[in-house]
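**Student:** Now for the letters of each chain:
Number of protein chains: 2
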Amino acid sequence: MTGISDRDFSIIGRSVRQVDGAEKLTGTAVFAGDVYLHGMLFAAVLRSPIAHGLIQRIDVSRAERVKGVKAVVTGNDCPFRYNPPLRDQPFLAIDRVRYVGEPVVAIAAEDEETARRAALLVEVDYEELPAVFDPLAAMSKEAPRIHPDFDNYVRDSRLFTPVPQSNILSHFKLRKGNVDAGFAAADRIFEGTYRSHAFNHAPLEPHAAVAQVDRTGQLTLWASTQSPWFVAEDLAKALGWPVHRVRVISPYIGGGFGIKHGLKNEPIAVALALKANGRPVRFVLSREEVFSSTAVRGAVTVSLKTGVREDGSIVARKAEVVWDTGAYADVGPLLCRNGSYSATGPYRIENQWIDGYCVYTNKIVSSAFRGYGVMEMAFAYESHTDEIARALSLDTVEYRRRILLREGDENATGEVVRSIGLRECLDACAEAMDWDNPVPEGRGRAIVTTAKSSVAPSGSSCFMYMNDDGSLTLMSSTTEMGQGSRTVLSQIAAESVGARLEDIRLRASDTAFTPPDRSTSSSRSTFNMGNAVFTAGQDVRKQILSRASALLEVSPDELEICNSSVQVRGVPAACCSFSDVAKVLPGATSGPITAHGSFVPKETTSFDLETGRGVRITAFWLYSSQGVEVSVDGDTGEITVHKIVSVHDTGRTLNPSACAVQAEGGVAIACSAALTEETILDEHGRVVNPSFMDYEMATAGDVPEIFPIMVEVPHAEGPYGAKGMGEGPTTGVAAAIANAVADAADIRVRDLPLTPERILRSMQVLEG
Amino acid sequence: MTGISDRDFSIIGRSVRQVDGAEKLTGTAVFAGDVYLHGMLFAAVLRSPIAHGLIQRIDVSRAERVKGVKAVVTGNDCPFRYNPPLRDQPFLAIDRVRYVGEPVVAIAAEDEETARRAALLVEVDYEELPAVFDPLAAMSKEAPRIHPDFDNYVRDSRLFTPVPQSNILSHFKLRKGNVDAGFAAADRIFEGTYRSHAFNHAPLEPHAAVAQVDRTGQLTLWASTQSPWFVAEDLAKALGWPVHRVRVISPYIGGGFGIKHGLKNEPIAVALALKANGRPVRFVLSREEVFSSTAVRGAVTVSLKTGVREDGSIVARKAEVVWDTGAYADVGPLLCRNGSYSATGPYRIENQWIDGYCVYTNKIVSSAFRGYGVMEMAFAYESHTDEIARALSLDTVEYRRRILLREGDENATGEVVRSIGLRECLDACAEAMDWDNPVPEGRGRAIVTTAKSSVAPSGSSCFMYMNDDGSLTLMSSTTEMGQGSRTVLSQIAAESVGARLEDIRLRASDTAFTPPDRSTSSSRSTFNMGNAVFTAGQDVRKQILSRASALLEVSPDELEICNSSVQVRGVPAACCSFSDVAKVLPGATSGPITAHGSFVPKETTSFDLETGRGVRITAFWLYSSQGVEVSVDGDTGEITVHKIVSVHDTGRTLNPSACAVQAEGGVAIACSAALTEETILDEHGRVVNPSFMDYEMATAGDVPEIFPIMVEVPHAEGPYGAKGMGEGPTTGVAAAIANAVADAADIRVRDLPLTPERILRSMQVLEG
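Note that the protein sequences, when read in sequence, are chains S and A.
Oh and the first sequence: position 292 is 292 in our numbering, straight run, nothing missing.
Throughout, our numbering is defined as the position within the second sequence, counted from one, plus 768.
Just chain S, same shape as in the assembly:
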């Protein structure tokens, strides 16, 4: 990366304010739910009341007769299926329902009340089928088949292996070294099964979509989607249209956390728009719908078996991971792969044998969640690591230092790791936790280390142009959902060009114009889009210097750019502004200043399906270390988290306060998920807590003091050395709390969430 130098940066590295802060604080920022269009219709959906069944009959005639109803659609009216890489999910249920809450009939009317009223008049007869909710039960050959038509689904990719005639849609394998020989050589063997639970992403903004198919057949979709290109391509494939016929506009997003990555409510808005004679259709979910029918962070069961020598070095690791994907695939196959290969953690383990299973159940779908499986895996492997250290009477931090991956090591997937800030994170965390001194009386503490990959290969691109007044427009499909992408991309643009931050105008994503970008997910935007922006910015800078060189009649080498102005080095009076440079005047030798940037990480490769090995499967790793200090109330079972230290290797910290806020937000979410949040189903598969009254989510007052710390081990390929860091803060918190509880109360809880009930039960077991 040519941008790394020792010169002082003027904009990156500074805690500049969020460029969208004012808009959000004053309430002027536009979200998808704020889009009101002329002639807009409003949607309501009738959903399945049962977890599994065949649709025998749908009678929409009474609903259609309601005044104001303009369109009624069923699955048979729109026989399209979405979800790459496995197109298993219909826009509306076709012939069969697979979970409680699955959309069956959608209605568009002149107002929302009418649509809802009409939905109640639809009659659906079901033939109920046996449902299966437990993924382990669903894996057996005898379990009811949830997708008997599985083999007919379109598969966009062969990078996952279904188990024929079963509910297992993907069996991921990682094979490294000789695990049997490893266990044979082990002095001690440890085993444990760790369970993570389902919970909701609960973004503040419920999913909102407005879809319109105009008179020319062009579909425009305004949606609260993190990944407009992902959605455009998925919809186009589902509909059998060229991609450019689907335009996805993604304004600000009020929180995503993964649930707004792929299609959720959008297909329903589209299904209605296709029948609405050109009128736009708005479909904004109620909070109840978000909780009970969009998606959850799915439950995962991880069984680990580890062979160690007396000194603690790990000679073999076997893991079986079962991912409950719910009724449809969503990101299941990829999650199963990327999560499962993380089962070894950031540790040196020569011999590994991992099996990951992604399994259908008759439940709400599981989707991506910030951390993408590593939160669940880290809960397992970091609980497990502590168990080993404690059993061997080793200091848990010192033990980790010993087994951590180091620069030049080969990791699970065969990559030789570089730029690995693990030790730096761990040391910084230990220092901030005052690890060398004893914990205060009555408290326990723990420090964990985690590593998370980022999706690769995945491309990002952007356009940039200079306006006549010297300001710059940046066009990127990265979406702003509170994570600060607008600010950091604007900073990279300004720094790379030499412009003032306020001269950068970043446009909201619109796939008709902002060029392709895989997604805003996987902590990839600063790294991938950042690189694209940097490339464009450098090109713009070069063009500016060339023009200024003509205007000022000196060689470009003698010029310097700063604050949207070019001056002859050392001669401040000999200068010109960007607006001087922007104009196409007589004598011009070039047209408007425009540039593009396109990026893909170097040398990423694919997995071998039999061994799970690839040379380099991520552009960078998110390395983190997190420490917590807790106390446990032996009477109530309540855990009090006193503080959390959250350390991340950012490569380079482009905006310290933005990184700190990311760390705080991630830790808070992870804390809430580890301690209280859970999507609870009854025996019929119904979500019993689909409201903020019943769903226990931590508020600001419940979150402990958080100490975010950034360490910088520059990445050779990152923009200014930066890596992504958005997901790191969520990964280790649950494990750290569980380990701190073990430290405080000498109990080991292997099931999440760490509710008072579970704590008490564990204590009684100990006592009993």
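Please keep in mind that the hints were generated in silico from the structure rather than gathered at the bench.
Remember, it's a predicted structure, so these values are computed and weren't measured experimentally.
Check the hints yourself; a few may be wrong.
[Said to hold, decoys possible] In silico SDA-like pairs for lysine to any residue, Cα to Cα no more than 20 Å straight-line: (1) A:LYS1351 / S:LEU159; (2) S:LYS602 / A:SER1317; (3) S:LYS24 / A:GLY985; (4) S:LYS24 / A:ARG1013; (5) A:LYS835 / A:ARG885.
[Said to hold, decoys possible] Cβ-Cβ distance ranges computed for the label pairs, FRET-style: (6) A:GLY836 / S:THR699: 40 to 50 Å; (7) A:PHE1460 / S:ARG287: 55 to 65 Å; (8) S:ASP125 / A:PRO1340: 51 to 61 Å; (9) A:LEU888 / S:THR699: 51 to 61 Å; (10) S:GLU128 / A:GLY789: 51 to 61 Å; (11) S:PHE9 / A:ASP919: 43 to 53 Å; (12) S:ARG287 / A:ALA1318: 41 to 51 Å; (13) S:VAL30 / A:LEU1353: 29 to 39 Å.
[Unchecked claim] Chain S is faced by these chain A residues, among others (derived, beta-carbon under 8 Å): (14) TYR804; (15) HIS806; (16) GLU973; (17) GLU1001; (18) PRO1010; (19) PRO1225; (20) SER1229; (21) ASP1278; (22) ALA1300; (23) ASN1331; (24) VAL1352; (25) PRO1354; (26) HIS1364; (27) THR1372; (28) THR1373; (29) SER1374.
From the three backbone atoms N, C-alpha and C, an ideal C-beta is built for every residue, glycine too.
Please build the complex by placing chain A on the supplied structure of chain S, with the hints as guidance.
**Tutor:** Only chain A this time, still in chain S's reference frame:
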């Protein structure tokens, strides 16, 4: 231009159908007037009933009280002025009105009827001032000053010279050689004064604008404007905002012809939107408003004096040109310059002395019209050329052959002309007119030659990206107004990439995304934007070849692209599609395929204000020759045009049928303007024929048979050698008809339009 080669082209050079034909034929194409937004308000305007006066009092209180009225604005509410290069025109009249029809008060209401009704309740008191309608009278020192505050106006450019304390806002001078010596050396001297009249552009689509200032302060303007960037920059300067705060979206346009180049009704929509609390305001003009208050092609008086030797060679030309710009500058200064320097025509004239005057009058504003002054100048110089030839008893075609500019000659502004297809045009026209054989009994005929420059330097830029399915999105700010730009740019894109035409998706202009382009005017889009698209296309092609080379494992040199597919040369089975190439897959070495193109013509320079000389002031010239055959009814004075041959040097004909249609359309308009159309004012300055009932416009049935012919003298800098050709067809028609009438009836009419009344009067003069 590296694109010129002898290989067979697959898409350019073919008469492919207009890519927007189906949309327009089926009525699905969206125009600005089709934009209906949620909460939209409707505008009406109260206009000045007098030609010149001071505003004493405006009382809007009764209007404001009308139920449904949401905003009422006067000039004092929006003290902004537009029009580069001279910011003389207020959004609404401030203190003074200068023509009948000038907007004084604007009202936005819940519906159009309410807005109109409220406008009638506004009371305005004027102190009437003497008005001046004749530009020659307006030039005198005694004439009423129309802009006494002229010196306070902002001037964006110094490239024009006002005459102090007068109504002359620009005095253009061209001085070449020694004109006195030239006249002294002449054998004969000819003089004549030629008058072109005012007429309306009369686009089928009346001007439409919808403006909205959103909660963040961003202005979005949907408008029937030819030149969205020109409008965005003009508005931003007027408002004192950064350019990116003004977003101009230009959907399809139903005819422009120059009247939709700069701001017309848009400032009023904006003035109201600024007061409308975020609600959008729609302002679509009535036909009467288009006729009486937008703009006209202005009247021009050209006095020519020419010294010739006995052999007809011209030794001196003196010209005085008076341009009536109406009440405001609009494009007046530039028009005066570019029109006036055309007074010598495409002929070799060593000594020249030209004075051009752009003059304010109390009339509707004059704006750009297709041909940009050359229509008026050519009427003068080509009438004059024929008069000379006839006086010298020379064949008018042979005479022109003798005096035409030739390759390597220096023209009026000092440019050494290249790629000059004048002789080719003239010869082709003479052949098609069967010039060597006598004209049928009772008819007259004439052939003229003209040259028109294109605005320069002016930049164009575009972006292009490849979608995941291999289709390509092209983003250009060129607007489609019936001239076929979408088709020709799509052709250039497809050809330069190697894609199928249907794989190119061209997006409508939107200044938030489509990068800067000066304007869709001046026949510049095929040349300027065409070059930008070509550059981007070549870059995309290179990227495709590089990726295909990796996929097919051969060197890029061994590959060929055709029909959106890449194959190993000579091995059709070894191929991959664009969609194979588009995907970012494991092993990818580059991100999404994106490209930009930016163009400015080489070596254009500016004018010297005292001599009007510049080395190269246009990127290319439109060279044309047009022949007509007429008969004149001696009883009625009616002219029948039997046929028109219209020959144009396209450089390379990128789409033969599109060029032919351009020629036919231009000739039809010019014919109608020459024979019947006229915007007529009464003695108070009121337009007396502001409707299609009273304004005589030729219909398809009135237009003679037109024979379009393209000749190709490739331009070294043009895309595939092409030049622009859109304005050529309008330039020579009036002169050709006047000359043919002279040939048929031995009368010389020097005033346009060539109405039966004028013809009869000329004949009676001859008879009398």
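**Student:** Please write out, lowest number first, the hints stated earlier that are contradicted by the structure.
**Tutor:** 16 and 23
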